[in-house]
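Colleague: Sequence:
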Amino acid sequence: GPSYSLGGRGAKSLPSPTVDFKEEGKVVIDIWVDRDGIVKRAEIGKGTTTTNSTLRETALQAALNASFAEDKSATELQKGTITYTFIIRQ
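Note that this note's numbering has the sequence shown beginning at 616, numbered continuously upward.
A hint or two may mislead.
DEER-style ranges, computed between Cβ atoms [as the list claims (entries may be wrong)]: (1) LYS687 x THR664: 33 to 41 Å; (2) THR700 x LYS627: 31 to 39 Å; (3) GLU685 x SER631: 18 to 26 Å; (4) LEU679 x GLY625: 32 to 40 Å; (5) ASP635 x GLY662: 20 to 28 Å; (6) ARG650 x ILE702: 28 to 36 Å; (7) LYS641 x THR690: 33 to 41 Å; (8) LYS637 x LYS687: 18 to 26 Å.
No lab work stands behind these hints: they were computed from the structure.
Ideal Cβ placement from N, Cα and C applies to all residues, glycine included.
All chains should be built: construct the whole structure from the sequences, respecting the hints.
Modeller: And the structure:
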């Protein structure tokens with residue numbers, strides 16, 4: 616499944632992308648999360664190893680649907696990452 620880093624905040628929902636794919640790779644998504652745990656912005660980040668637009672777009676959409684624990688003392692938009700690793704299983 617996906618892994619994430621968001622300054623110690625827990626994930627409430629971390630959807631996995633659902634797509635048929637024929638190549639492997641890693642997609643790193645930079646996310647900005649508000650104090651309520653809602654992802655407000657997401658974009659492809661450094662460390663992404665695939666140029667496959669389907670994998671990238673699917674990971675981006677999954678990241679936008681993620682949610683995290685509330686943190687009323689967090690910055691207005693806390694930056695973190697979600698990493699999706701696509702592996703072809705035989």
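Colleague: Now look at each hint and say whether the structure bears it out.
Modeller: Now for the hints, and whether the structure bears them out:
| no. | hint | in the structure |
| --- | --- | --- |
| 1 | LYS687 x THR664: 33 to 41 Å | 36 Å, holds |
| 2 | THR700 x LYS627: 31 to 39 Å | 21 Å, violated |
| 3 | GLU685 x SER631: 18 to 26 Å | 23 Å, holds |
| 4 | LEU679 x GLY625: 32 to 40 Å | 19 Å, violated |
| 5 | ASP635 x GLY662: 20 to 28 Å | 24 Å, holds |
| 6 | ARG650 x ILE702: 28 to 36 Å | 34 Å, holds |
| 7 | LYS641 x THR690: 33 to 41 Å | 27 Å, violated |
| 8 | LYS637 x LYS687: 18 to 26 Å | 44 Å, violated |
Hints 2, 4, 7 and 8, counting from the list given before, are not met by this structure.
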